[in-house]
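S.K.: Construct the complete structure from the given sequences, taking the supplied hints into account.
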Amino acid sequence: MKTPYEILEVNESADDTAVKKAYLGMVRRYPPERCSEDFQRIYGAYERIKTAEDRLSYRLLHCTLPEPADVAGLLLQKDTQQIPASREEWQSILSEGLGRFCRELKLL
Amino acid sequence: MAKRKKKKFKNQVNKTASLHSLSLEELRKRGGLLLKQEKFQDAIACYKHLLKLDQSEEFFQGLEQAYQGRILALAAKSMFKEASALLDVLVQRFQNAKVNPLKLNLLFQAGDYAEAVSLYNLCQNELPTKKQQQLEALFGALLLADNNVKLENFAADSAIARIYPKALSAIDLSCSNQKDKLEEVLRQIPIRSPYRDLRTLLTGLHHLSDDKTKGCEILRKITKDSPYYHCATAFLTSTDSAKSLLADLVATPKGSRSKLPGLHGLSNSQIRVLENLATADGKPVLLYKIVRQNERLFPRANIFELYRNILPFCGEQAIEILARSKTFNRSTKIHLCALAAEQDNMPIFAVTYWGDYLETINTKDPAKHHEIAMVMRHQVKLMKQNRYEHSPLEVLDTMLKSLEYDPSHVHTWLDALEYAKRHQSKQQHYAMIQEAVQKLPEEVSLLLVAMRASSNRNAHKKAAGLAERVLAVDPINTAALDFLVASRLEHGRKLASQKKWALAEKELLAADTRARSIRYKGRSLICLGILLLLQNNDSGAQHIDEGRQENPYPLFGHILVALEARLYGLPKTRQKEYDKTLKQYINTTKTTDSTEFRRLISWILGFEDKHWPMLKQVCQLLKGYFSNAVSRDFSREEGLSICRALEQIELPIALFKCSASLVKQHPHVPEFKVWKMLASVLKTNTPMTFTAYDEMEDLFDDLVEKNQFDFIDHIENILEKTGLDHDFDFDDDEDDFGIDFGPFGQPKSMPDMQEDTKPSKPKKPAGRQLNLFDDDL
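Residue numbers (the numbering used here), protein chains in the order written: chain A, 2 to 109; chain B, 981 to 1757.
Derived from the structure by calculation, the hints contain no laboratory data.
C-beta: ideal position from N, C-alpha, C; glycine also.
Any given hint could be a false lead.
Lysine-lysine pairs mimicking DSS-like chemistry, simulated, CA-CA at most 25 Å apart [to be verified]:
#1 B:Lys1019 / A:Lys107
#2 B:Lys1130 / B:Lys1111
#3 B:Lys1083 / A:Lys107
#4 B:Lys1083 / B:Lys1130
#5 A:Lys107 / B:Lys1701
DEER-style ranges, computed between Cβ atoms [said to hold, decoys possible]:
#6 B:Glu1255 / A:Arg29: 38 to 44 Å
#7 B:Arg1142 / A:Arg88: 19 to 25 Å
#8 A:Lys51 / B:Ser1607: 46 to 52 Å
#9 A:Lys21 / B:Val1684: 58 to 64 Å
M.R.: Below you can see the structure in the form of C-alpha cells.
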C-alpha cells in the first residue's frame, strides 16, 4: 500500500510543478504501452495529488483500508534490497547471499 | 539432560532391535528409503546391519553415501567438529572413497573459502563438469565480494581471472547508474563465463527501474544453484510477492510452511506475522492488532500511515482505541474519529467530529484557511446526506462560512446560490449573487447565474451587460450568445406589440446570428415573417417557411412557428393554420428522430422564461408524437428527464405510457414506479387512494436510502400543487423516522450535544405522512 507520494517519488511538501514533473518522469519510465498496470497506478496517484486542493483533500479526507498483502508487503519491504550505490554495498549484499548459498551447497 | 540421553539411547536400541526382525530384502529397501528421506543416521545403522548379513558392494556404497550425507547434514548445522570426525571414520572405513569433494563441501559450509580454493585446484578433476562450472561461478562471486578469495589463487589465463576486471567494472557502472556503459561492458562478459549470472543480475536490475515486469522476469532466470540466487531474490521481494506468499501460506499445511521459498531468510517473528496476516481476512481490528503488536517489524516511516488507514475502518472500536492511544495528538484523534464515523455510515456524528476538528485549528492562521474551508465543505456534503438533522439554512450557513475562508470556491458559490434561491427570499438570493459576482468578477458560471437572475427581475439591460461580460471572458459561450439573441427577439416582440414595425424589424435583423442553439436557428427569420404578416404583407409566409427550413430539425422549425405565432399574437385563424401544419407534419412523419426528441426534452426542461404557458400550449399539440416516441429504450437518466418534461407540459397519458415502459426496462429503479403511480393519478385527476399512498411511501423509503431527496421533493410539490394528495390520520405511536444512532452513541467531545443527550428524533409530521422533509421537522 503505497501513498501517491511514494508512487510518484515526491516529497509530501511538493508543489504542483514538482508533482507534475515527477509524474512525467514516471510516465517516461513506465510508458502506458509497455507497462499499463504501472501506468494506471501512476496516473491514479497523480490524479490524487495533482493540485494543492487535491493534496489537502487526500491528507484530510482520504483513507483506504490496506489489504493484508499490503501490510505484508510493508513487512517484507524492510528486507527488500534497494539497488546498491557503491561497490562496498554490493560486496556486502553479495557476501550475505554467498554465505547462505555455501551453507546449503551440496557438491555430492 | 541425562534423561534425554537415556531416551535417545533407548530409541536407538529399539531401532536396532527392529532391524533384526526384518529380512534382507526388506532391509535393502529400507536403506534406500532412509537415504531418500535424508535420514542418514538411521541409514548408517541400516547399512551396517546389512553388511553384517551380506558384504555386497551395493551395501558398501549405501553406507558410504549415508556417511557422506550425515557429514554434510552435520556441517549444515555448523557442527563442523563432528562432521570432520565422521569424515575421518569414512576415510578409515573406505580407503578408496572420494573424500576431496566432501572436504571441499565442508570447507565452503565452514566459510573457509581460501582453503576451498586451494583444495579445488588440487581436486577439480574429481568433480563432474557441471559442478566445476558451479564452483567456478561461486569463486568468481566470492572474488567480487572480496570474501577471503584472492585473484592470485587463480591461473591468469583462467576465465575467473580473465573476466574478473570486466565484472568488477560492471558492478561499478551499475552503482554509478551509467546504463549505456554498463550495457556495453555486460556485452563483453561471455554467456558461458563464470560471471554469466552476474550479467543476468545486473541486466535485470538495470531493467527493474524502467520496466519492472521485464526486470523481474530476467531476475527470475537466476536459478537456485547459482551463487547469485539469494542476491536476486532480495531484489525481487515486493508487494506482489507478498500477495502470493500469503496465498501460499494459507494453502500450505503448518508443518511444511518453513520450506516455502518466499519465507526464506525471514525471522520467526516475521513468519508469525505473515501467518497471522494470511488468516486476518481483511478484518480491520485484527489488522490493527497485528501491526500494533509487531510495530518494530515494520518500517518506522509507514507505521503512522498504516494506523491512519486502518483505524477509520474499525467502527466503534476505533473510538476506544483512539481514546487509549498515546500515538496520536488530540487533533489527529478527532480527525480519525470523524473518518471512522463516516466509514460507519454515521454522517451525523461525522459532522460533529469535523466541527470538533475545526476547533483544534488556528483560524487566524491564513495558511489554514483552505483546510478550514475544505472541512466545512465536507461537512456540507455530510449534512446533505442527513436532512433530518440539518435544515437547509444550516447547510447554507456552513457553505457561507466556508466561503469566508475560501471565497474562490466557485462550486460552493453556485451551490449556495441554489440553496438561497430555494430557501431564502428573492432579495437575499439577489444580494448573494451580487456578492459572488463581486468576489469573482470573471467567473463565467457566476456571471451566467447573475444574468438569468437579472432577466427574471426584468432588469434586461443589466442582464445583457452581464452577458457581454461573459462573452468578454468566453467569446463562444453558448448560454450568453443565446441570451443576447433571446433578449433581441423579446425586444422585437415588445416593439411589434406597440406597432413600431420598423424598429421591431431592425431589432430582429440585429438578433445575433452567432446563436448556437437549435431553438434559435431560423427563429429571427420566422419572427420577421410574422412581423410582415401582422402588417398584412403576405410575403411574410415565405420568410416563415424559409426560417422553418433553416432549422436542421423540421419538428423544431414547426414548433418555433407555432410558438412565435402565439407570442406575436397573430390572428387565431393564422395560429390555427400553423398548428394544423405542425399536426400534419407529425401525422405524416411516423418515425421520430431520437436526437431531435432528446433535444426537445432538454429544451422543455431548460425553458425558464415567461413564455412557458405558450410552449405548453404548443406541446399539447404533440400528444401523438410523445406517445410514439416514449415507448423506446432509454437509459435511467434519460427516462427521468423525459418523465419530468412530460409532467411539466401536462401530458399525463404520455407520461403514464412512458413510465410504464420505463418500469419494464428498469424494474429496479423506484423513481419510474413513482412516476407511473403519479401519472395514473394525474390521468384520472382523482386523489390517491390510501393503498396507493402506502405503496408510494414504501417507494419513498427506498429513495431516502439512495439520498434522492430532490426527487421526493419534486413529486411532493406536484401532488400538493395539483391537490391530488390526501390527508390521512396515523396513530401517534407510528414513527418511521427513528434514527439508529449506531455504535458511536453520543460523541463525548460535543458539549452542545451532551445537553440534549437523547438522539433528537425528528418531530412527527402533522397530518401528512408524505411530507417527509418539512423544514420544521
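S.K.: Now look at each hint and say whether the structure bears it out.
M.R.: Checked hints:
no., hint, in the structure
1, B:Lys1019 / A:Lys107, "holds, 16 Å"
2, B:Lys1130 / B:Lys1111, "holds, 21 Å"
3, B:Lys1083 / A:Lys107, "holds, 11 Å"
4, B:Lys1083 / B:Lys1130, "holds, 20 Å"
5, A:Lys107 / B:Lys1701, "violated, 92 Å"
6, B:Glu1255 / A:Arg29: 38 to 44 Å, "holds, 40 Å"
7, B:Arg1142 / A:Arg88: 19 to 25 Å, "holds, 20 Å"
8, A:Lys51 / B:Ser1607: 46 to 52 Å, "holds, 49 Å"
9, A:Lys21 / B:Val1684: 58 to 64 Å, "violated, 43 Å"
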